[in-house]
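Going down the list, the protein sequences come from chains H and X.
Note that numbering that gives the first Met the number 0 has the first sequence beginning at 0, numbered continuously upward.
Note that numbering that gives the first Met the number 0 has the second sequence beginning at 0, numbered continuously upward.
Some clues are possibly wrong.
[Claimed, not checked] Computed cross-link-like contacts, PhoX-like style, restricted to lysine-lysine with a CA-CA straight-line distance of at most 25 Å: (1) H/527 to X/284; (2) X/157 to X/235; (3) X/207 to X/156; (4) X/169 to H/73; (5) X/31 to X/52; (6) X/214 to H/525; (7) X/52 to X/2; (8) X/2 to H/180; (9) X/207 to X/171; (10) X/284 to H/529; (11) H/494 to X/235; (12) X/199 to X/21; (13) X/129 to H/498; (14) X/284 to X/214; (15) H/73 to X/214; (16) H/73 to X/157; (17) X/90 to X/156; (18) H/180 to X/284; (19) H/514 to X/157; (20) H/73 to X/284; (21) X/52 to H/494; (22) H/498 to X/207; (23) H/514 to X/284; (24) X/157 to H/498; (25) X/207 to X/284; (26) H/520 to X/157; (27) X/90 to H/166; (28) H/514 to X/90; (29) X/166 to H/494; (30) X/273 to X/214; (31) X/171 to X/156; (32) H/498 to X/284; (33) X/206 to H/498; (34) X/207 to H/180; (35) X/90 to X/207; (36) H/520 to X/169; (37) X/273 to X/166; (38) H/494 to H/73; (39) H/494 to X/207; (40) X/2 to X/199.
These aren't lab readings, by the way, just hints derived from the structure by calculation.
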Amino acid sequence: MAKAKKKYFDVHGPVFWPASVLIVVFIATTLIVGEPMERVFGNIQDGISNYTGWFLVIAVNVFLFFCIFVGFSKFGSIKLGGENAEPEFTKGAWFAMLFSAGMGIGVIFWGVAEPMYHFTHPPIPQEDEVLRMEQAMNFTFLHWGMHAWGIYALVGLSLAYFTFSRKLPLTIRSVFYPILKEKIYGWPGDIIDVLAVLATLFGLATSLGFGVQQVSSGLNYLLGWPDSTLTQILLILGITLIATTSVVLGINKGVKFLSELNIRVAGLFLIFMLIVGPTLFIFDSFIQNIGDYFQKFFEVSFWTEAYSRSETVGWQNSWTLFYWAWWISWSPFVGMFIARVSKGRTVREFVMGVLLVPTLLTFLWMTTFGGSGLWVEINNPGLISESVIDNVSTSLFVLLKQFPLTTITSAIGVVLVINFFVTSSDSGSLVIDSITAGGKLDAPVGQRIFWALTEGGVAAVLLVGGGLTALQTAAITTGLPFTFVLILMMYSLLKGLQKEHAMNIKSEKEADVEKYSERVKQIAEKRKTKEKV
Amino acid sequence: MAKLLVFLDLTPMDSSLMENVKRITNEMSIEKIGFCHYVEIQEVTDNVNSYFKDLDAPLDEILRDEITETAEQFGFLPDNFEVLIHIRGGKDSLTDWVNNSEYDLCIFGKKVIHVGTGVFSGRLCRLVEKPILFVTESTLISMDRVLVPTEFSHYSKKVVNLINGLKDFKPKDITALHVYHVPPAYFPFISEQSDDLIEKAKAHARKKMDHFVEKSFPNRHVQRELIYAGENTTAKVIFDYAVTHHMDLVIMGVKGKTDDDNILIGSVSENLIKRDKNIPVLLVK
Numbered sequence: 000m001a002k003a004k005k006k007y008f009d010v011h012g013p014v015f016w017p018a019s020v021l022i023v024v025f026i027a028t029t030l031i032v033g034e035p036m037e038r039v040f041g042n043i044q045d046g047i048s049n050y051t052g053w054f055l056v057i058a059v060n061v062f063l064f065f066c067i068f069v070g071f072s073k074f075g076s077i078k079l080g081g082e083n084a085e086p087e088f089t090k091g092a093w094f095a096m097l098f099s100a101g102m103g104i105g106v107i108f109w110g111v112a113e114p115m116y117h118f119t120h121p122p123i124p125q126e127d128e129v130l131r132m133e134q135a136m137n138f139t140f141l142h143w144g145m146h147a148w149g150i151y152a153l154v155g156l157s158l159a160y161f162t163f164s165r166k167l168p169l170t171i172r173s174v175f176y177p178i179l180k181e182k183i184y185g186w187p188g189d190i191i192d193v194l195a196v197l198a199t200l201f202g203l204a205t206s207l208g209f210g211v212q213q214v215s216s217g218l219n220y221l222l223g224w225p226d227s228t229l230t231q232i233l234l235i236l237g238i239t240l241i242a243t244t245s246v247v248l249g250i251n252k253g254v255k256f257l258s259e260l261n262i263r264v265a266g267l268f269l270i271f272m273l274i275v276g277p278t279l280f281i282f283d284s285f286i287q288n289i290g291d292y293f294q295k296f297f298e299v300s301f302w303t304e305a306y307s308r309s310e311t312v313g314w315q316n317s318w319t320l321f322y323w324a325w326w327i328s329w330s331p332f333v334g335m336f337i338a339r340v341s342k343g344r345t346v347r348e349f350v351m352g353v354l355l356v357p358t359l360l361t362f363l364w365m366t367t368f369g370g371s372g373l374w375v376e377i378n379n380p381g382l383i384s385e386s387v388i389d390n391v392s393t394s395l396f397v398l399l400k401q402f403p404l405t406t407i408t409s410a411i412g413v414v415l416v417i418n419f420f421v422t423s424s425d426s427g428s429l430v431i432d433s434i435t436a437g438g439k440l441d442a443p444v445g446q447r448i449f450w451a452l453t454e455g456g457v458a459a460v461l462l463v464g465g466g467l468t469a470l471q472t473a474a475i476t477t478g479l480p481f482t483f484v485l486i487l488m489m490y491s492l493l494k495g496l497q498k499e500h501a502m503n504i505k506s507e508k509e510a511d512v513e514k515y516s517e518r519v520k521q522i523a524e525k526r527k528t529k530e531k532v
Numbered sequence: 000m001a002k003l004l005v006f007l008d009l010t011p012m013d014s015s016l017m018e019n020v021k022r023i024t025n026e027m028s029i030e031k032i033g034f035c036h037y038v039e040i041q042e043v044t045d046n047v048n049s050y051f052k053d054l055d056a057p058l059d060e061i062l063r064d065e066i067t068e069t070a071e072q073f074g075f076l077p078d079n080f081e082v083l084i085h086i087r088g089g090k091d092s093l094t095d096w097v098n099n100s101e102y103d104l105c106i107f108g109k110k111v112i113h114v115g116t117g118v119f120s121g122r123l124c125r126l127v128e129k130p131i132l133f134v135t136e137s138t139l140i141s142m143d144r145v146l147v148p149t150e151f152s153h154y155s156k157k158v159v160n161l162i163n164g165l166k167d168f169k170p171k172d173i174t175a176l177h178v179y180h181v182p183p184a185y186f187p188f189i190s191e192q193s194d195d196l197i198e199k200a201k202a203h204a205r206k207k208m209d210h211f212v213e214k215s216f217p218n219r220h221v222q223r224e225l226i227y228a229g230e231n232t233t234a235k236v237i238f239d240y241a242v243t244h245h246m247d248l249v250i251m252g253v254k255g256k257t258d259d260d261n262i263l264i265g266s267v268s269e270n271l272i273k274r275d276k277n278i279p280v281l282l283v284k
């Protein structure tokens with residue numbers, strides 16, 4: 000990695016400026032147009048989902064199967080970073096980091112709300128309550144399961160391979176080296192990076208938007224503050240300032256401490272819920288949900304609402320398609336993280352680890368919180384479902400209310416989300432900063448502040464311009480173009496791995512060398528005696 | 000006028016390799032010969048010379064003298080050949096050097112591909128971008144009867160260019176061979192009308208073959224062969240044909256139509272350069 004030279008600003012102009020200008024234009028338009036933007040966002044989301052929904056569904060499946068193929072093919076034994084690379088982290092630490100990549104604002108926000116929503120509005124019409132619960136968990140697992148991690152694995156594997164094995168800069172354009180060769184440093188590379196920046200920024204803003212909605216309803220519940228857009232924007236302002244301050248003060252260690260704390264607190268939160276919640280029910284349903292997941296794997300992951308009744312059509316737009324686009328849009332973010340910690344792993348380890356470890360954890364989380372929600376709902380019909388329909392972000396707090404120590408756990412929930420917000424914002428700006436600075440990892444602090452503020456700004460503007468719909472539209476609109484980048488990425492990665500494989504063909508090297516030395520010694524002996532004669 | 004680069008591994012097989020090269024120089028006029036040896040221990044040590052104790056001269060000098068002496072025994076004139084000892088930098092630097100050198104044809108012995116220094120030549124023959132002739136150490140090469148297996152891909156064009164481009168290379172007979180398959184897409188129907196389909200595929204192949212031969216070798220007679228692969232692999236059909244028809248040399252592209260990544264060797268070519276296939280093969284890259 001090149002060292003940053005300038006003190007405050009050191010950007011790669013052709014990426015930084017187009018990306019910044021596009022974002023500023025977006026913010027300005029939304030603010031000037033105001034209220035009607037909500038309709039605009041809604042129309043864009045519908046348009047994209049209606050026309051390209053089938054494409055996203057098949058693309059995401061292809062990404063997953065591609066990763067599985069690469070992991071189990073002859074390329075599986077290729078080591079990221081070359082034959083002699085040693086893993087930087089022990090397997091335990093690596094698993095822990097993959098776990099943490101799977102944790103975020105999203106699982107806290109949707110953990111209770113999503114299964115509940117599917118339960119009350121079943122995507123595939125179903126009268127029976129029991130089957131509706133099964134279906135609700137099944138779709139939740141689909142959205143948070145291996146497909147999501149297939150996308151991240153693709154991006155992460157490509158980045159890790161081209162950065163560690165080929166020694167290219169850690170930025171998305173490097174992945175296209177086999178296709179573009181030196182042109183990755185020219186305008187085609189710039190376009191790819193601009194797309195990556197926009198996708199990451201909007202994906203992250205979506206996540207932050209969810210987070211702040213949840214904090215707002217949590218504070219409303221705890222302290223009675225009004226749960227309004229104004230509160231949310233003030234919260235974004237406040238939390239973004241905390242995040243940027245931590246960056247400015249150079250307390251990278253602080254951020255590291257916060258994110259480790261986060262994982263521990265989230266873990267405790269999970270264990271708490273496991274214990275005070277319907278423990279046996281959670282374990283039972285966890286096992287059953289996993290079975291269901293694999294049993295219906297193809298059915299639901301290839302499901303496109305093709306034969307649905309007209310009154311339920313459109314469900315997929317706001318759920319499955321939104322998730323696929325959201326995951327794609329922030330795949331550069333997660334991809335860079337998992338690439339960064341995976342040096343020295345083989346391709347097979349990488350694929351297995353990334354596909355299974357975070358997925359299983361997320362499943363457990365979703366079963367614990369979502370399942371408990373369903374369990375409460377079955378015993379007290381309407382208790383949680385009404386709040387979900389009323390305001391998605393309150394569902395966690397309504398659930399916590401049913402169990403002991405409500406105030407404490409709710410407060411922990413709020414703090415957890417704020418904390419995730421700070422760490423995501425910080426690491427998100429690090430990723431975007433690295434892309435806009437041409438792959439440098441130590442770009443000046445000024446830029447990171449700029450990006451942290453922009454993320455907050457975009458999240459705030461999206462909330463003003465239409466709340467949840469706007470957040471979802473942002474993810475979908477930037478996710479779609481990036482899907483094409485990912486398709487090219489598969490081809491490029493395959494090319495790269497093929498080359499690596501050709502370079503690595505080897506047999507029992509040491510035995511060969513020994514035999515060889517023997518021959519050379521004989522020749523040397525022979526010549527010695529000859530010269531004497 | 001060709002410049003040959005011959006890869007030696009210091010095993011007793013080197014002499015049969017030299018014998019074969021000698022025969023080639025008798026058939027074609029060769030401008031220059033390079034005898035190249037790659038010192039394998041450079042991969043396990045930085046200082047090759049201190050790896051062996053009590054050498055009374057630098058290792059590369061010893062090896063150079065030995066190879067020069069052998070070459071002279073085979074009647075190569077000192078002015079016509081050079082000896083190249085590659086002693087540091089690893090395979091990458093050797094590959095780079097070969098690809099940028101003036102030599103236009105590399106020669107490997109087939110035995111060395113999977114035994115002995117298999118690591119080295121197995122990998123090198125994938126990364127070298129020049130045509131490579133694989134000779135067998137147990138037979139003597141001749142270039143009268145040449146078999147050209149083709150899939151009519153752009154690699155076949157390269158093969159043709161090579162055959163027509165070498166000035167002194169005048170094989171007596173050229174046979175173009177195409178092994179055709181019935182496309183697997185017909186699979187569910189194949190049992191009912193297989194003969195029909197094979198006929199159809201054959202007619203199609205004949206058309207392509209006629210076109211290929213007329214365009215590639217306009218002024219000479221070329222034997223045309225079409226063989227239905229059936230259950231056999233393409234490589235086996237080619238090898239069986241070559242042996243039963245007493246072919247001296249197989250010339251083929253590094254791969255057929257299936258994949259364009261030029262680093263890898265296609266499965267058919269890979270199979271034919273294996274040592275159990277006792278026939279010389281010239282791979283065109």
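So which of those numbered hints doesn't the model satisfy? Going through the list in order, the structure violates hints 1, 4, 5, 6, 7, 8, 10, 11, 12, 15, 16, 17, 19, 21, 22, 23, 26, 29, 30, 33, 34, 35, 36, 37, 39, 40 and respects the others.
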